[in-house]
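Residue numbers (my numbering), protein chains in the order written: chain A, 1 to 151; chain B, 1 to 154.
These are calculated hints, taken from the structure and not from any lab test. Glycine is no exception: its CB is placed at the ideal position from the N, C-alpha and C atoms. Hints are supplied without guarantee of correctness; some may be wrong.
Unchecked claim - Taking lysine-lysine pairs in the DSS-like style, the calculated list, with each CA pair at most 27 angstroms apart, reads:
1. B:Lys7 with A:Lys144
2. A:Lys32 with A:Lys63
3. A:Lys146 with B:Lys7
4. B:Lys7 with A:Lys149
As the list claims (entries may be wrong) - Computed Cβ-Cβ distance ranges for the label pairs, DEER-style:
5. A:Glu40 with B:Asp9: 41 to 47 angstroms
6. A:Asp44 with B:Ala39: 20 to 26 angstroms
7. B:Met66 with A:Asn66: 50 to 56 angstroms
8. A:Gly126 with B:Arg35: 26 to 32 angstroms
9. A:Glu102 with B:Met66: 57 to 63 angstroms
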Amino acid sequence: MERQSRFVFKVAWAVLRNAEDAEDIVQETFLKLYQNNAWETICDERAFLARASWRLAVDRLRKRRNVHEQQDSREPAPDPEQALLAGDWNAVVHRLMDALPEDLRQPLALSAIDELSSLEIAAVMGIREGTVRTRIMRARRILKQKLAKYE
Amino acid sequence: MSEQPDKLDSILDAALRGYSNVEPSAGFEQRILRRVQTAPDVRRSWWKFGWGLVPVCVAPFVWIVMPTRDVPLPVLSLTPPPVPAVAQVVYPKTPSPAAKPRILPAARPLPLTAEERALLRFVQSQPEQARAALVLSAQIEPLTIEPLKIEELP
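Bound conformation, chain A alone (with noise of 0.2 angstroms):
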């Protein structure tokens, strides 16, 4: 367990962008692997705890949303003109991945956690690897795109 809490604590994190949140994200994989036993039948652990974690998380954020559509939990990234003006690209590129829609900025940000591959994001979210690298590619576009404007 304390091999893998931090990666799935950062795939949670990937999807929840709170890290309060990533936590109990955490102890629910957990518990859902030792309650169904599943950790004496599974082959790859990194795989399926990849997969629960993000299961998880998109219904949290699916059900956050549903509840406070107005409410976003999300640690709050600063204002792209403020962050430019501070020299914080990083803070920037947060905001602008914010903005992004779910299906590409989901993939980019788990492709971001440097142990998945585009095949175990594929597994991950339950498409195909193709299309993974399709929306990587085009979330990078546009986020370059918008990037350019601040340039």
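Chain B: place on chain A using the hints.
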């Protein structure tokens, strides 16, 4: 022209590394471990509930499948049960106003005896003598029996 995309790519990659470098707060593993250990075991509680359901599910099946057994009849005793000694109170019979007189069904005529048939033949054949015999029997005075006199013993 090719410089700008490279620069944007590097900005993008640098920002995305933040997703990989994100770390939970201190004591994260211990917190998770404690929460997982203290969480109620849903599976076990479900099984407890399941065990409770077993007799509920089995009972109707047993009731349908099980053959009906001969139940021994209670032995009837011919002697009446002992009645407690209680003073019997007899209440006077009062006819209830709602009670209606009971109508008995018509009695079936019984066949005449040999004496009755002989008497009938006598009346039909000699009605005058029969009438005279009836009057004669009405005129016979009843017998009077004198009271017994028992003398005292000397």
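Outcome of the hint check:
no.: 1; hint: B:Lys7 with A:Lys144; in the structure: holds, 10 angstroms
no.: 2; hint: A:Lys32 with A:Lys63; in the structure: holds, 19 angstroms
no.: 3; hint: A:Lys146 with B:Lys7; in the structure: holds, 13 angstroms
no.: 4; hint: B:Lys7 with A:Lys149; in the structure: holds, 13 angstroms
no.: 5; hint: A:Glu40 with B:Asp9: 41 to 47 angstroms; in the structure: holds, 44 angstroms
no.: 6; hint: A:Asp44 with B:Ala39: 20 to 26 angstroms; in the structure: holds, 25 angstroms
no.: 7; hint: B:Met66 with A:Asn66: 50 to 56 angstroms; in the structure: holds, 53 angstroms
no.: 8; hint: A:Gly126 with B:Arg35: 26 to 32 angstroms; in the structure: holds, 28 angstroms
no.: 9; hint: A:Glu102 with B:Met66: 57 to 63 angstroms; in the structure: holds, 60 angstroms
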